[in-house]
Amino acid sequence: GAGVSQSPSNKVTEKGKDVELRCDPISGHTALYWYRQSLGQGLEFLIYFQGNSAPDKSGLPSDRFSAERTGGSVSTLTIQRTQQEDSAVYLCASSLAGYSSYNEQFFGPGTRLTVL
Amino acid sequence: SQQGEEDPQALSIQEGENATMNCSYKTSINNLQWYRQNSGRGLVHLILIRSNEREKHSGRLRVTLDTSKKSSSLLITASRAADTASYFCATSTTSGTYKYIFGTGTRLKVLA
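Listed in order, the protein sequences are those of chains G and H. Just so you know, we're using this note's numbering here: the first sequence kicks off at 1 and counts up by one. Just so you know, we're using this note's numbering here: the second sequence kicks off at 1001 and counts up by one.
None of these hints come from the bench; they were simulated from the model. This structure is a prediction, so every number in the text was calculated from the model and none was measured. Built from N, CA and C at the ideal position, the CB exists for glycine as well. Just so you know, nobody snuck in bad clues.
Stretch-level coverage of chain H by chain G, calculated; a stretch enters the list once three of its residues show a Cβ under 8 Å from a Cβ in chain G:
(1) 1043–1052
(2) 1099–1111
Simulated DEER-style distance windows between Cβ atoms:
(3) G:Glu85 x H:Asp1007: 21 to 31 Å
(4) H:Gln1014 x G:Thr76: 37 to 47 Å
(5) H:Leu1111 x G:Lys17: 38 to 48 Å
(6) G:Ser73 x H:Thr1067: 35 to 45 Å
(7) H:Glu1055 x G:Ala2: 26 to 36 Å
(8) G:Arg22 x H:Ser1039: 20 to 30 Å
(9) H:Arg1050 x G:Val12: 41 to 51 Å
(10) G:Asn52 x H:Arg1050: 22 to 32 Å
(11) H:Thr1067 x G:Leu96: 24 to 34 Å
(12) H:Gly1016 x G:Thr13: 43 to 53 Å
All chains, full assembly: derive it from the sequences and hints.
This is the structure in structure tokens:
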């Protein structure tokens, strides 16, 4: 079956522009996560969606970052007025039922964002 | 700050040797998971250990958990060149949220 997909795989943008990153989770997975990984670093939690519950936005680094999940499936991470420090790989993951917290996360291949 | 910190940051061994990497965390957890990442992109889940478990095995992998020391170890036995990757621990805390906090990772290189 299809795994988690992300698009685009690479995005180069100019400082100050807005970008949208897309994540298609595995069908039937109710939990969706966004992470950011800078070069050679660990994963930084950004946001977590679980079903129709209010998302956990505690990891978003600034108000330039926002995310939505439509219809409990596809998610879009938007970064407004991009800065050079936003350059990183943005990873999306989904899991079957986040509320149990015992489920493995399935990761997408990531979007490499470069802000010039 | 990161919940998990892996140790060592980098490890280089010969094929056939065992590799051990450690993860320390700061707050009480529900469970701890280990993931592998190749080529700086998507991660693959390896194994999950719950807070009431002390040891789990999966193939050549052995994970231990010591909640009194707030630490876990991942042992890869009889390593192969294909095990070359970064390894991360991820913890789910008992704070009422189900987000996972990832450590900084151990970069393992297995030399053929």
